[in-house]
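Student: Protein chains in written order, with this note's numbering: chain W, 1 to 112; chain V, 1 to 799.
Rather than coming from a laboratory, the hints here were simulated on the basis of the structure.
On a predicted model such as this, the values are computed, not experimentally measured, just so you know.
Don't take each hint at face value.
Across the chosen pairs, the derived CB separations fall in these ranges [claimed, not checked]:
{"#": "1", "chain 1": "W", "residue 1": "Gly108", "chain 2": "V", "residue 2": "Ser558", "range": "36 to 46 Å"}
{"#": "2", "chain 1": "W", "residue 1": "Ser31", "chain 2": "V", "residue 2": "Phe669", "range": "26 to 36 Å"}
{"#": "3", "chain 1": "V", "residue 1": "Asp266", "chain 2": "W", "residue 2": "Val102", "range": "20 to 30 Å"}
{"#": "4", "chain 1": "W", "residue 1": "Arg60", "chain 2": "V", "residue 2": "Ala560", "range": "17 to 27 Å"}
{"#": "5", "chain 1": "V", "residue 1": "Ser25", "chain 2": "W", "residue 2": "Leu112", "range": "55 to 65 Å"}
{"#": "6", "chain 1": "W", "residue 1": "Ser31", "chain 2": "V", "residue 2": "Gly477", "range": "28 to 38 Å"}
{"#": "7", "chain 1": "V", "residue 1": "Glu370", "chain 2": "W", "residue 2": "Val30", "range": "45 to 55 Å"}
{"#": "8", "chain 1": "W", "residue 1": "Gly98", "chain 2": "V", "residue 2": "Asp266", "range": "34 to 44 Å"}
{"#": "9", "chain 1": "V", "residue 1": "Lys143", "chain 2": "W", "residue 2": "Ser31", "range": "39 to 49 Å"}
Under 10 Å between C-beta atoms, here's a sample of chain V residues computed to sit facing chain W [stated by the list, open to error]:
{"#": "10", "residue": "Trp225"}
{"#": "11", "residue": "Val517"}
{"#": "12", "residue": "Thr519"}
{"#": "13", "residue": "Leu523"}
{"#": "14", "residue": "Thr528"}
{"#": "15", "residue": "Leu531"}
{"#": "16", "residue": "Pro563"}
Positions of the beta carbon are idealized from the N, C-alpha and C atoms, including for glycine.
Okay, here's what each chain looks like letter by letter:
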Amino acid sequence: MKLITAVIKPFKLDDVRSALESFGVHGMTVSEASGYGRQKGHTEVYRGAEYTVDLVPKIRLEVLLDDSDVDDVVEVIVKTAQTGRIGDGKVWVTPVDGVVRVRTGERGVEAL
Amino acid sequence: MDRDADGTAAGLVVEHTLSTTSPASSAVRFQAAREAIIGAQGLPAAQRRRALSDVADRRISDLLGSSPPPGTSVVAVGGYGRRELLPGSDLDIVLVHDGTRSPEEVGAVADAVLYPLWDSGVPLDHSVRTPDEAAAVARSDLKVALGLLDARHVAGDPELTRRLAEASLADWRKLAAARLPELHEAVQARTARCGELAYLIEPDLVESYGGLRDTLVLRAIAASWVADWPHSTIVEESRSWLLTVRDALHRSTRRRSDRMLLQEQDDVASLLELLDADVLLRRVSEAGRAIGYASDVTWRSVQRALRSRTRRHLLSRRPTRRPLADGVVEYDGEAVLARKVDLEHDATLAVRAAAVAAQAGVPLAVATLERLVVETPDLPVPWPAAARDAFVRLLGAGRDGIPVWEDLEAAGLVVRWLPDWERIRHRPQRTPIHRHTVDRHSIEAVAEAAALARRVARPDLLLMGALLHDVGKGWPGDHSATGAVMAESMAARMGFDDDDVHTISELVRHHLLLPMVATTRDLDDPATTTLVADLVGSAERLELLSALTEADARAAGSLAWTPWRAALVRDLVRRVHARLADEDDTTEAGVSFVEPWARTLASSGAFEVLVSAPDVDQICRVTVVAPDRVGLLACAAGVLALHRLEVRGASVDTIDGSAVQVWRTVSMFGPPPDDQVLRQDLMLALEGSLDISGRLERRSAERRRSVIRTAPPRVQLLTDASQTASVLQVRAHDEPGLLHRVARVVADIGVAVRSAVVDTLGADVVDVFYLVGDDGGPVNPEVAELVRDRVCEALEGRA
């Protein structure tokens, strides 16, 4: 089992979600996140006052999957979230040792 | 034996069997009786509460036996004392003894009564005390003191119970002056913790302000003889309704929690045979508002009564009386009507009085409110300017004005002014981000908007947008679109001009636009910026919309305005603003406001002051024509303030070396002063023989310092606004003499004001000064910054 974590631009959430749903992924965790990568904090002048954009607002999306689906799902996310500009985000995959469904106590792949 | 005798005999046998059954089976019978009552279908809730309490009474009498030991009694206190037991309620009892029994004897009685009750699984709260001990505990524990006010005899020596009850009540009355402030603090702490029943979507029926706990507080206050409570019938009805809802809640959840969560409301509504959860919440909200209002009023009279008690000892000082505005005075901490007001012909009096009270941070007295409701005529449609202006000032009081608004609302005045408000009154809303009913959310948004007043050029429109942004929720369909239509008709009714009506309506239509676009569209895409810029239309409206968005979200709750969301919205606004600023053609006002006759006067170098008669909106136009000089504006503004003329707006221009000032003023008290008096004073002021600053200073020291919190002033240099002058913009909360202070600071630095536009929008002032140096061009940047900093200091020194 793997955990796919994607950090994407907020406006891409709806697209990514529907793409994943049509692929057959029905569960995910979405949270508001802020951060920076190479698209770093910069200073803006707005209405005569300077302010620093330290952290750029992003969406963090997490999906738990069976190993066999991982490559396809990563592909779907990357394709849908891409705008080609700085700040499109990242997707990474981490191995997961175990999963339990809280309601039933099912474990492993059954719990996905 | 005949049948009758048979029956009687059988009855006796049963009696006998009952009284000799084992303790265990009698406990079982008690339990069964309770279960039967709790499960009984169709039993009215009030009867159920009483039946539960009666069956407990009988059980305790049984346990104490037919000949209880002399000198002891069992007393019910709290909810049980009031015969209001709910299925999950504690059985609150005091075992009273007269102190003559040995500890062992008392212990034996306690064991005989308390253990079996405990064993039967009923939640029990008990104590064993002599009347003196009970009184001592009550003196240090408020909860015990309140509980004892409901003391009721259950079993044992009735004389002992009577002594306890009488002593508790006498103590409560004697110590009221100390206990009531303590109680008030507890109530305030509870309100901070549990919110107000009337406005919460998931209220606590007992602990929220205006809930059941507060009806007990009202009774306790009445029992102390310090103050009585108004509207007692409606409070009793509300109380009984809340008890019924609480009963249904307990039966539905089978828990003791009094907080009515969204997920439980459908069940409770159907148990109560109501149409749906909205009807339930609306009725709970109405009850909460009635009790809350009665509590507000009662606490105010408690404070007055206690103040006058202490005052008696302090050389009998009389309560303070200060005039607040024409027809309204502050008397003993409340706004009341002055002696000679003409209620029957003054349609705008109610809204003016409300605005004055809100701005002064004092409540309207109950009797005043009642007279305003009954005696003042309806506002004409469209509203006169005085009413509209006062209404905006009422909104501009911000968070500290909410109590005045709620009083008006409870008295029905808000709906009388704005009939469409009725559709959102007490209206619950089922979304995870909202915590308040629609009407209260709107008022919370107004309070948040008032705090953002300095961000916009038109705070009045921002406040109106905040008030009306959700008004469409009273109707089917998309509430932004419906709301825009409603807002348009409401704003027109209030007499805003066509442009303003349109802006208010557009603010309502687009109040969700910015957060929606910011979170779902690509901000880097120029099409996104274009879309928003086209919908919004102007930089001024964007500024209003961005402030409204923030106010709305902050009012909804912390979830709706996270730094994350704020950053996205701010980014969008910045981009759209850049787009709109490109399009905006910022030119200085081209059309002169100066009329030909004034122009002629100015060219002749005359020195004249002319005062027009008040127009329909009570506005007096004061025209000043005088040879221009540094300090003229400050002197003129000061003379007007000295004569108690409130500046609503002004335009100042220079023609051929003469200044022409046109002031739109409202006389605060009585008719406006004569032309010649003003001219004379202005002359003296210019000569330096009239100490305006000193006199205004003294007057403001006598005036009541406003206690309401307002947004801090904002003073800015607008760098791109003019080629020929330095432009200083001042936004601040209005107060008498403000313009004089600002102009004085500018004059003291030696800078001339070539022209100026002064606007008072409700309680907020937006002033723009075009400053010129000796050469007639813009002043040098360092001087301009000095002016800005000094003005800022002068204003903040007041805040």
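Student: Hint by hint, say whether it matches the structure.
Tutor: Results of checking the hints against the structure:
no.: 1; hint: W:Gly108 <-> V:Ser558: 36 to 46 Å; verdict: holds, 38 Å
no.: 2; hint: W:Ser31 <-> V:Phe669: 26 to 36 Å; verdict: violated, 60 Å
no.: 3; hint: V:Asp266 <-> W:Val102: 20 to 30 Å; verdict: holds, 26 Å
no.: 4; hint: W:Arg60 <-> V:Ala560: 17 to 27 Å; verdict: holds, 19 Å
no.: 5; hint: V:Ser25 <-> W:Leu112: 55 to 65 Å; verdict: holds, 56 Å
no.: 6; hint: W:Ser31 <-> V:Gly477: 28 to 38 Å; verdict: holds, 32 Å
no.: 7; hint: V:Glu370 <-> W:Val30: 45 to 55 Å; verdict: holds, 54 Å
no.: 8; hint: W:Gly98 <-> V:Asp266: 34 to 44 Å; verdict: holds, 39 Å
no.: 9; hint: V:Lys143 <-> W:Ser31: 39 to 49 Å; verdict: holds, 43 Å
no.: 10; hint: Trp225; verdict: violated, 56 Å
no.: 11; hint: Val517; verdict: holds, 9 Å
no.: 12; hint: Thr519; verdict: holds, 5 Å
no.: 13; hint: Leu523; verdict: holds, 7 Å
no.: 14; hint: Thr528; verdict: holds, 9 Å
no.: 15; hint: Leu531; verdict: violated, 13 Å
no.: 16; hint: Pro563; verdict: holds, 7 Å
Hints 2, 10 and 15, counting from the list given before, are not met by this structure.
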